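Residues per chain, in single letters:
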Amino acid sequence: MRKKKRKGLDFDIESPLAIELRRVMIRINRELDLERKRCIMVTSSERGEGKSLFALHFSQVLAHHMQKRILLIDGDMRRPVQHTIFHTDRGPGLAELLRGEGDGLKPTGTLLSNLDFLPAGRAGENPSKLLQAIRVRTVFDRLKADYDIVILDSPPVVPVSDPLQFVDVVDGAIYMVLAGRTPRDVCERGVGILRSVGTNIIGVVANNLAEVLPYYFDHKYYGYGQRVRKEKGSD
Amino acid sequence: MMMDMYEDDEQEQGGGFNPADLLRMFLRRKWLFLIPFVLCLGMAYVAIKTMQPIYFSAGQVRVIREATAARTLTEGMPRYRSSRDADRETMTLIRTIVTSPIFLEKVVNELDLTVMDMLPSLVESDQIQDPNHPVEGFVLDRMVSTLEKSIRVNNQEPQIFTIGVRHTSPELAFRLSREILDSFLEEEQAGRLQASTSTRDFLNEQRQIYIAQLESAQQRLTSFQRTMLSTTLVGNPVNEQNMSQAEGLFSELQRRVNELDTTEITRSREAAQAVLPAVGQLSVLVAREADVLTLVRDLTGLEYEQTVAALATRPGADSQNLLGTMRLSLDSHLGRRVAQEYPQLAAAEQATVATYLYNLAYRDVLGGVAARFGGEVDAYRNFMTRQPEQAATLSRLQSEVESAQSMLHNIEQDITRENLSLAASMSEIGYRIEVRRDPRMPMGPIEPDKKKLAMMGFVLALAIGVGLVLVAEMLDRSFKSVQQIESVLKLKVIGALPVVEDGPFENLRRRRILMWVLVVVGVLALAAVGLLWVYPRFQ
Numbered sequence: 000m001r002k003k004k005r006k007g008l009d010f011d012i013e014s015p016l017a018i019e020l021r022r023v024m025i026r027i028n029r030e031l032d033l034e035r036k037r038c039i040m041v042t043s044s045e046r047g048e049g050k051s052l053f054a055l056h057f058s059q060v061l062a063h064h065m066q067k068r069i070l071l072i073d074g075d076m077r078r079p080v081q082h083t084i085f086h087t088d089r090g091p092g093l094a095e096l097l098r099g100e101g102d103g104l105k106p107t108g109t110l111l112s113n114l115d116f117l118p119a120g121r122a123g124e125n126p127s128k129l130l131q132a133i134r135v136r137t138v139f140d141r142l143k144a145d146y147d148i149v150i151l152d153s154p155p156v157v158p159v160s161d162p163l164q165f166v167d168v169v170d171g172a173i174y175m176v177l178a179g180r181t182p183r184d185v186c187e188r189g190v191g192i193l194r195s196v197g198t199n200i201i202g203v204v205a206n207n208l209a210e211v212l213p214y215y216f217d218h219k220y221y222g223y224g225q226r227v228r229k230e231k232g233s234d
Numbered sequence: 000m001m002m003d004m005y006e007d008d009e010q011e012q013g014g015g016f017n018p019a020d021l022l023r024m025f026l027r028r029k030w031l032f033l034i035p036f037v038l039c040l041g042m043a044y045v046a047i048k049t050m051q052p053i054y055f056s057a058g059q060v061r062v063i064r065e066a067t068a069a070r071t072l073t074e075g076m077p078r079y080r081s082s083r084d085a086d087r088e089t090m091t092l093i094r095t096i097v098t099s100p101i102f103l104e105k106v107v108n109e110l111d112l113t114v115m116d117m118l119p120s121l122v123e124s125d126q127i128q129d130p131n132h133p134v135e136g137f138v139l140d141r142m143v144s145t146l147e148k149s150i151r152v153n154n155q156e157p158q159i160f161t162i163g164v165r166h167t168s169p170e171l172a173f174r175l176s177r178e179i180l181d182s183f184l185e186e187e188q189a190g191r192l193q194a195s196t197s198t199r200d201f202l203n204e205q206r207q208i209y210i211a212q213l214e215s216a217q218q219r220l221t222s223f224q225r226t227m228l229s230t231t232l233v234g235n236p237v238n239e240q241n242m243s244q245a246e247g248l249f250s251e252l253q254r255r256v257n258e259l260d261t262t263e264i265t266r267s268r269e270a271a272q273a274v275l276p277a278v279g280q281l282s283v284l285v286a287r288e289a290d291v292l293t294l295v296r297d298l299t300g301l302e303y304e305q306t307v308a309a310l311a312t313r314p315g316a317d318s319q320n321l322l323g324t325m326r327l328s329l330d331s332h333l334g335r336r337v338a339q340e341y342p343q344l345a346a347a348e349q350a351t352v353a354t355y356l357y358n359l360a361y362r363d364v365l366g367g368v369a370a371r372f373g374g375e376v377d378a379y380r381n382f383m384t385r386q387p388e389q390a391a392t393l394s395r396l397q398s399e400v401e402s403a404q405s406m407l408h409n410i411e412q413d414i415t416r417e418n419l420s421l422a423a424s425m426s427e428i429g430y431r432i433e434v435r436r437d438p439r440m441p442m443g444p445i446e447p448d449k450k451k452l453a454m455m456g457f458v459l460a461l462a463i464g465v466g467l468v469l470v471a472e473m474l475d476r477s478f479k480s481v482q483q484i485e486s487v488l489k490l491k492v493i494g495a496l497p498v499v500e501d502g503p504f505e506n507l508r509r510r511r512i513l514m515w516v517l518v519v520v521g522v523l524a525l526a527a528v529g530l531l532w533v534y535p536r537f538q
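Taken in sequence, the protein lines are chains A and B.
In terms of numbering that gives the first Met the number 0, the first sequence has 229 at position 230, counting the first letter as 1, and numbering is strictly consecutive.
In terms of numbering that gives the first Met the number 0, the second sequence has 421 at position 422, counting the first letter as 1, and numbering is strictly consecutive.
Hint data in this document are derived by calculation from the structure and do not stem from the laboratory.
Treat the hints loosely; a few may be bogus.
[To be verified] Label-pair distances were calculated between CB atoms; the ranges are:
id, chain 1, residue 1, chain 2, residue 2, range
1, A, Ala144, B, Ala19, 49 to 57 Å
2, B, Asp20, A, Asp32, 51 to 59 Å
3, A, Arg136, B, Val516, 48 to 56 Å
4, A, Ile18, B, Leu26, 19 to 27 Å
5, B, Leu531, A, Ile18, 29 to 37 Å
6, B, Arg509, A, Asn199, 32 to 40 Å
7, A, Gln131, B, Asp20, 31 to 39 Å
8, B, Arg476, A, Asn199, 24 to 32 Å
9, A, Ile18, B, Leu513, 29 to 37 Å
10, B, Asp20, A, Asn199, 32 to 40 Å
11, B, Val465, A, Asn28, 41 to 49 Å
12, B, Val458, A, Asn199, 49 to 57 Å
13, B, Ala19, A, Ile18, 21 to 29 Å
14, A, Glu124, B, Ala19, 50 to 58 Å
[As the list claims (entries may be wrong)] Only some residues are given here: those of chain A computed to face chain B with a beta carbon under 10 Å:
id, residue
15, Leu16
16, Arg22
17, Val23
18, Ile173
19, Val185
20, Val190
21, Val204
Keep in mind the model is a prediction, meaning the values are calculated, not measured.
A virtual CB, placed ideally from N, CA and C, is assigned to each residue, including glycine.
Construct the entire structure; sequences and hints are all you get.
Following this line, the structure appears as structure tokens:
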């Protein structure tokens, strides 16, 4: 299969991971109709299950295949990682917007012209204080006005309660599960927590299945590790 | 149960054992299996290469228990419920003997072992500077302790026991096992005999005392007889106490002579004359021959001893047997002479003539005994009449001699009885030991058993590897398949990603791998210690 590479994109669009992400996109589209403005939260039970990378690559796949304006938000104000991938500063970002200090603050562009990135910002010692419902709604309404699809990389749902503050502003949640690692009871607990607040869980994305199912996939995906160059002026 | 909620859904639905899942499990954790497996095999290889060869030499004994005597002596009930109980007791007995410190010290001294023989590590580690350090004190204790650990006592078949020694030197193993077996047999025998021979030994001691007492009494009597009495009374068996008995014996002798003369000889002469008219000449001729005279003289002496023994109320068993033999000798000699002189006579006729000649000769024997004994009776009677005080003393001394002789005779009988009883009691104790096979020089080392070690290493490696995989799998409560996720979370799986390597993942992954490495190393270390501790006990 001929590999296509977009200019400035350090991601093999024909890799098995990308193919699988396209499938995810198609399935989500059936659930949520992505032709409309949508905000999708990506969460999981605990840290290290691959939410951030999934959110990143999924937003890249969306940006490739849909002629939409995509915004990736790093919603984990306690342990943000997306800014390291993009090699940008941690702030100003979402925290500043929630604090009301974000006048004139705009998300950062990426190598993909239709994909922007909003870092987590610096929330201080008590991020929970920023996550008041009205503030969250105000910020997200503004962001959703500027973008067609917002992908929110949220903190894990079991250790902290931050994801629950985003439930009302998102159209659905994707639940990441790290197969072969995360205990089942922890996953059940996380799902239970989301259901208890009426979250629309679109579905589960299982990660690391190549390890639990050897030879299930033809080859591993070596997608991440190189610097993502910011492409200025690209759409 | 808590664990039930983690059971695989397929199992809950009665899916049962799935070999594919098992294979998948091992493939997923292949390094957790392979690394310990290879390390264990490597350890076994190193152990095989570096272990010092050990040689073993053993002797085999059979302990035979007598059926009748496998009973308690007082109760008469069976001592053992089964032969295995008896063997177990014997095993304890053997082991107790051959591992006792005193026994082993004796073995060490008998073989003249040196420090280098048994404790080379002490010299190599400079705890002892001189290889010729005297074997005493703590060195001896250490050698005894080392030797005790080297001894093996086994009971592989009923009644068959093996006593062996392990050592790094084949020659020493052989010498030690040889010495231990020999010493054990000596010790065991001595222990059994000790109680039984004590009575006999006591009696032997008493016998020596009685012999001394008899000699003393005889010496006093002889001395008295020489100094105070006439020589005619020296050796006279007649005394005051037995005078009447002596007179009775003399009368009996006379009666026998007369009876022989009047009845036996007359009858036999008539019969002989009927066969051989010239039997009178033959009798005179034969009576003067030297052989006949010697036989008659010997018979006279034996008859006299019998008479004296009867006087002392002591049965003269030895002289009785000899007397019978001598009589037969005289009879056969006379028979041969008749046959020589008159070969034309029939055998029955020759026997008739020989009987007559025998009666004549025996009359001379009895006559000689009567004369001698009668002379002694007369001599004592005369002495008693002339010197009554000395007669009393003589009588007393003779009584003492007789008493000492009687006591000596009794104790000799007791000793004889005790010897018989001792021989019988050896079987009454219940067992005897016979050597079935002597220790031999070992031809090759018994350790390390390369095949056995390799097999053990392989099995251990396999067990550890499989064990770690199974433990990891048991502790793993994560999802293994899309179906599991959907059934447990009741959510649709909309994406199944292979694996994504990144920083956070890698950190977790590295921490996880490090944890398992530490677990594996810890388990292998325990296994190594366990192998080195357990393996020698399998020997």
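Hint check:
Checking the proposed 49 to 57 Å range against Ala144(A) and Ala19(B) shows it holds: the Cβ atoms sit about 52 Å from each other. For the pair Asp20(B) and Asp32(A), the beta carbons lie near 39 Å from each other, so the given range of 51 to 59 Å is not met. Between Arg136(A) and Val516(B), the C-beta spacing of about 49 Å keeps the proposed range 48 to 56 Å intact. Between Ile18(A) and Leu26(B) the Cβ separation comes to about 24 Å, which falls inside the hinted range of 19 to 27 Å.
The hinted range of 29 to 37 Å is not satisfied by Leu531(B) and Ile18(A), whose Cβ atoms lie roughly 55 Å apart. Range check, Arg509(B) to Asn199(A): about 36 Å between beta-carbon atoms, so the 32 to 40 Å window is met. In this structure, Gln131(A) and Asp20(B) break the distance hint of 31 to 39 Å, their C-beta atoms being roughly 49 Å apart. In this structure the hint that Arg476(B) and Asn199(A) lie 24 to 32 Å apart at CB holds, the actual value being about 28 Å.
For the pair Ile18(A) and Leu513(B), the beta carbons lie near 34 Å from each other, so the given range of 29 to 37 Å is met. One distance hint, 32 to 40 Å for the beta-carbon pair Asp20(B) and Asn199(A), holds here, with the actual separation near 34 Å. Distance hint check for Val465(B) and Asn28(A): the Cβ-Cβ separation is about 47 Å, which falls inside the suggested range of 41 to 49 Å. Here the CB-CB span from Val458(B) to Asn199(A) is close to 56 Å, well matched to the stated 49 to 57 Å.
Evaluation of the 21 to 29 Å hint for Ala19(B) and Ile18(A) yields a pass: the beta carbon distance comes to about 25 Å. At about 51 Å, the beta-carbon gap between Glu124(A) and Ala19(B) stays in the expected band of 50 to 58 Å. A cut of 10 Å between beta carbons decides the hint on Leu16(A): the least distance to chain B is about 6 Å, and the hint holds. Restraint check, Arg22(A) versus chain B: the minimum CB separation of about 6 Å is within 10 Å; hint holds.
Residue-level restraint check for Val23(A) holds (minimum Cβ-Cβ distance to chain B is 4 Å; threshold 10 Å). Look at Ile173(A): its Cβ gets to within about 7 Å of chain B, closer than 10 Å, so that hint holds up. Given hint, Val185(A) at the interface with chain B, holds; its Cβ is 9 Å from that chain's nearest Cβ, closer than 10 Å. Among the interface hints, the one on Val190(A) holds; its C-beta lies about 5 Å from the nearest C-beta in chain B, closer than the 10 Å criterion.
Checking Val204(A) against chain B by beta carbon gives a least distance of about 4 Å; that is within 10 Å, so the hint holds.
Hints 2, 5 and 7 from the earlier list are contradicted by this structure; the remaining hints agree with it.
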